[in-house]
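*Asks:* The chain contents come next:
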Amino acid sequence: MLGRFEEAILLVLTEAKGEATTAEIYEALSEKLRKVSFGAIYTTLDRMEDKNFVTRRKGEPLAHRGGKARYYYKITSDGRAAVIESQKLTAEWSYLPETTTPAR
Amino acid sequence: MSIGSNVKSRVVNWILTVVARHLDKQTQETKAIISEAQYLKVSQPSLKTEDYPNALQMQGVILAHKAKWEEVRMRVDSTVRIATYRLLFAKIAILVLLLFDENRKSRTIFADDGAIGRTNQFLLDLCLPPDRAEDTSTALQDTCENKWEKRYSPREVALFCFVQTISAIYAYHAGRIFKYGGLFWVIAELKKAFAKFWGA
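Chains as they are written, first to last, in numbering that gives the first Met the number 0: chain D, 0 to 103; chain C, 0 to 199.
Think of the hints as simulated: they come from the structure by calculation, not from any bench.
Please note that the accuracy of each hint is not assured.
[What the hints assert, rightly or not] In silico DSS-like links for lysine-lysine, alpha-carbon gap of 30 Å or less:
no., chain 1, residue 1, chain 2, residue 2
1, D, K50, D, K73
2, D, K16, C, K149
3, C, K191, D, K57
4, D, K50, D, K87
5, C, K190, D, K50
6, C, K47, C, K24
7, C, K146, D, K16
8, D, K34, C, K190
9, C, K40, C, K67
10, C, K191, D, K50
11, C, K65, C, K47
12, D, K50, D, K31
13, C, K30, C, K90
14, C, K146, C, K190
15, D, K87, D, K16
16, C, K24, C, K90
17, C, K149, D, K34
18, D, K57, D, K87
19, D, K31, C, K149
20, C, K40, C, K24
21, C, K149, D, K57
22, D, K73, C, K146
23, C, K67, C, K24
24, C, K149, D, K73
25, C, K65, D, K57
26, C, K146, D, K57
27, D, K16, D, K50
28, D, K31, C, K146
29, D, K73, D, K87
Go ahead and model the full structure; you've got the sequences and the hints to work with.
*Replies:* Okay, structure coming up:
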């Protein structure tokens, strides 16, 4: 079962052709969600790495970053399956009207 | 660039010298306590009633002797506690130094002049393992260049960087502390680091 934030990150990775850097994930999420922090992204990525939903690889060292490298996160087949399952579950309640009372 | 091994060994030596000086003081203190305890043992008050004019005086002498023993015991306790704390502080200082040194090997140019600034880079190097520090550092720098610097003032960018640095550090440590059962994890990490340091 995926959390909403986990699902959002996996969707960002899917949209980015399966692989994205932490900065790209942050930028994509902050466009869609109101408050995003690097801490939340790292915590979620670590958790999903443990669940084998994402993998991480180190990129090439960058001269303009003083030899430091970017890290790329990639969605795995387990991650894709989890997203599909989560979306199927949401679809099962799609008959509910959009005007269900929001929390006040 | 790494801290020169000369500087590193000088700092470690300095810490060890300070600890050795304190331990010397405490050795002397311990010797004084031992000799006082030996004296107290030799000069134990008599427990024969005929040696005292009355019971009240006997009670007074025995209680005074007991109080001296109690004082010695408390001094031993505090000496051991202080020695333990000092050793612990020295170990932590050396640990922090080693971690910082390990992370500084890939110190970046922008850490001196760029948006992320020295303080944030220092915090990342100090508080995160090398791969996470590197990832956070490049990610923050990318976000600064692609997004924040285009929309916000330098002061706001600096603030965002600082907040996100703290957030990444907090998330890393809080995540592991909750995951591995807090204190046990910290102890295990310390043991591992000491073994690495003293074994090297």
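*Asks:* Does each hint hold? Answer for all of them.
*Replies:* How the hints compare with the structure:
Among the hinted pairs, D/K50 with D/K73 is consistent with the structure: their alpha-carbon atoms are about 13 Å apart, no more than 30 Å. Restraint check for D/K16 and C/K149: satisfied, since their Cα atoms lie roughly 26 Å apart, inside the 30 Å limit. Under the criterion of a C-alpha separation no larger than 30 Å, the hint pairing C/K191 with D/K57 is consistent with the structure, at around 25 Å. For the hint linking D/K50 to D/K87, the alpha-carbon distance of about 20 Å falls within 30 Å, and the restraint holds.
For the suggested pair C/K190 and D/K50, the alpha carbons sit about 28 Å apart, so the restraint of at most 30 Å is met. Of the supplied pair hints, the one linking C/K47 and C/K24 is violated, its CA atoms being roughly 40 Å apart against a limit of 30 Å. Proposed proximity of C/K146 and D/K16 is supported: the alpha carbons are some 21 Å apart, at most 30 Å. Among the hinted pairs, D/K34 with C/K190 is inconsistent with the structure: their alpha-carbon atoms are about 38 Å apart, more than 30 Å.
Straight-line distance between C-alpha atoms of C/K40 and C/K67 comes to about 11 Å, which keeps the hinted pair within the 30 Å bound. With a CA separation close to 26 Å, the supplied pair C/K191 and D/K50 stays within the 30 Å bound. For the given pair, C/K65 sits about 17 Å from C/K47 by alpha-carbon distance, which is consistent with the 30 Å threshold. A distance of roughly 25 Å separates the Cα atoms of D/K50 and D/K31; the hinted pair therefore holds under the 30 Å criterion.
Taking the CA atoms of C/K30 and C/K90, the gap is about 25 Å. The hint holds against a cut of 30 Å. This hinted pair does not check out: C/K146 and C/K190 have alpha carbons roughly 42 Å apart, beyond 30 Å. Annotation: proposed proximity of D/K87 to D/K16 holds, straight-line Cα distance about 21 Å (limit 30 Å). With a C-alpha separation of about 19 Å, the suggested pair C/K24 and C/K90 falls inside the 30 Å cut-off, and the hint holds.
Restraint check for C/K149 and D/K34: the C-alpha separation of about 19 Å stays at or below 30 Å, so the hint holds. With a C-alpha separation of about 33 Å, the suggested pair D/K57 and D/K87 falls outside the 30 Å cut-off, and the hint is violated. Our distance criterion of 30 Å between C-alpha atoms is met by D/K31 and C/K149, whose separation comes to about 19 Å. The suggested pairing of C/K40 with C/K24 holds, with an alpha-carbon distance near 24 Å, which does not exceed 30 Å.
Restraint check for C/K149 and D/K57: the C-alpha separation of about 27 Å stays at or below 30 Å, so the hint holds. This hinted pair checks out: D/K73 and C/K146 have alpha carbons roughly 23 Å apart, not beyond 30 Å. Between the alpha carbons of C/K67 and C/K24 the distance comes to roughly 22 Å, so the proposed pair stays at or under 30 Å and holds. Distance hint between C/K149 and D/K73 is fulfilled; the C-alpha atoms sit about 28 Å from each other, no more than 30 Å.
Restraint check for C/K65 and D/K57: not satisfied, since their Cα atoms lie roughly 68 Å apart, outside the 30 Å limit. Only pairs whose Cα atoms come within 30 Å are accepted, and C/K146 paired with D/K57 is accepted, the gap being roughly 23 Å. Between D/K16 and D/K50 the CA atoms are separated by roughly 21 Å; this keeps the pair inside 30 Å, and the hint holds. At roughly 15 Å between alpha-carbon atoms, D/K31 and C/K146 fall within 30 Å of each other, so this suggested pair holds.
Only pairs whose Cα atoms come within 30 Å are accepted, and D/K73 paired with D/K87 is accepted, the gap being roughly 22 Å.
In summary, the structure is inconsistent with hints 6, 8, 14, 18 and 25 from the numbered list given earlier, while agreeing with the others.
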